[in-house]
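Residues -20 to -1, 1 to 374 (mature numbering (1 follows the signal peptide of the UniProt record, and there is no 0)) are what the sequence shown spells out, left to right.
These are computed hints drawn from the structure, not numbers from a lab. Certain hints may be false.
[Said to hold, decoys possible] Each computed DSBU-like pair below joins lysine-lysine, with the alpha-carbon atoms no more than 35 Å apart:
(1) 327 / 140
(2) 308 / 4
(3) 327 / 303
(4) 140 / 183
[Stated by the list, open to error] Estimated spans, in silico, between C-beta atoms of each pair:
(5) 216 / 114: 36 to 42 Å
(6) 225 / 117: 43 to 49 Å
(7) -1 / 185: 53 to 59 Å
(8) 192 / 44: 53 to 59 Å
Computed from a predicted model, the values in this text were never measured in an experiment. No residue lacks a Cβ here, since even glycine has one placed at the ideal position from N, Cα and C.
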Amino acid sequence: MKKLLLASAAIGLCAGASYADEIKMGVLLGFTGPLESLAPAMAQGAEMAIKEVSDSGKLLDGDTVTPVRGDSTCVDAAAATAAAETLVTSDGVKGIMGAMCSGATTAVLQNVAMPNGIVMISPSATSPALSDMEDDGLFFRTAPSDARQGEVMADEIMEKGLSSVAVTYTNNDYGKGLADSFQKAFEAQGGTVTISTAHEDGKGDYSAEVGSLASAGGDALAVVGYVDQGGSGVLRGALDTGAFETFIFPDGMVSQTLEDNFGSEIEGSFGQLPDSEGQGMETYLSMAESAGYDGSSAYSGAAYDGAALMLLAMQAAGSSDPKVYKDKITEIANGPGEKIYPGELAKALELIAAGTAIDYEGATAVNMIGNGEAAGTFREIEIKDGKIETVKYR
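Let's have the full structure, built from the sequences with the hints guiding it.
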């Protein structure tokens, strides 16, 4: 009888107990492909947020969180879909921080995330087409749409007194979307786009493309491309032939690779990328430096924020089920509530558990403006003494 009573008591205790689980989170980026130089710092940003939450032991029932990487290749939709399928069906991830490029993101959203009910937060897919795409409330992004980047780009050019621009763009959703939004904004301000023409990535020779751009002419050449692929190929051809002296670089071109490979050859050229300033970014940059990577690399802070938002939303929903926690993401991002910055994720988990509202500012001053869109700010850069220097924020 004594043994029976002990066994019954043990069963009763087990029935009321909570057990920690391992939650897996996908980190789906273009580790190979035309933006492979940007992917490492983005992955490290996301994984820093994941580790911060996991080490705290404060998520849900003390759950741990493990990142699982997948390679979207950035431009191969089939490869991106296959990588996402593996993350979801084999690894069992509860959310995907990614994808990286707009075309790959669209493919993953439509072919994997929606059919499986998986939340995606992209730190860098900026195509305006994603704004109105059906997503079942599963897709968010921590970088602003290129509809806004096109306007910022036009403003910069007009302020520098340039009235005519030739445009080359990578032939995909990102390139065409940004080229179109820029042309619309620039022409609305009285500027002239002398030519807007696509280039293909992966070519060894861009002399034909450069010839067409040179024939059209312009005060500057806007290179709406990828720094690890065709964008640099067109830039090299334009420099070697003397077709243009001033270049405009949107986000896909701004990285250490641009500085390393071209440096003083592009002196005085300029551009922009989604980025932020203030307490959140300063803290994140310091954390990244301590961790041994460059937090100022494009979209690194946005990747930290993407991972953090999903995990904090899980806490607010009391569940790691994406179909449940997706409804808490905008609430966490916009508040109102106590502001939360990088390095304060354990504090945020405690506040949420206690029923206290938070307003996640993160590294990039996150604010959602509908349909999972981030409002965002931009960092204007200029090449000075062969180095990428920050001019101001817009």
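Outcome of the hint check:
Between residue 327 and residue 140 the CA atoms are separated by roughly 45 Å; this puts the pair beyond 35 Å, and the hint is violated. A threshold of 35 Å between alpha carbons decides the hint, and for residue 308 with residue 4 the separation of about 19 Å falls inside it, so the pair holds. Using a Cα cut-off of 35 Å, the hinted pair residue 327 and residue 303 holds, with the two alpha carbons roughly 25 Å apart. Of the supplied pair hints, the one linking residue 140 and residue 183 holds, its CA atoms being roughly 32 Å apart against a limit of 35 Å.
The hinted range of 36 to 42 Å is satisfied by residue 216 and residue 114, whose Cβ atoms lie roughly 40 Å apart. A hinted range of 43 to 49 Å holds for the C-beta pair residue 225 and residue 117, which are about 48 Å apart. Judged by the Cβ atoms, the range 53 to 59 Å given for residue -1 and residue 185 holds: they are separated by roughly 57 Å. Between residue 192 and residue 44, the C-beta spacing of about 55 Å keeps the proposed range 53 to 59 Å intact.
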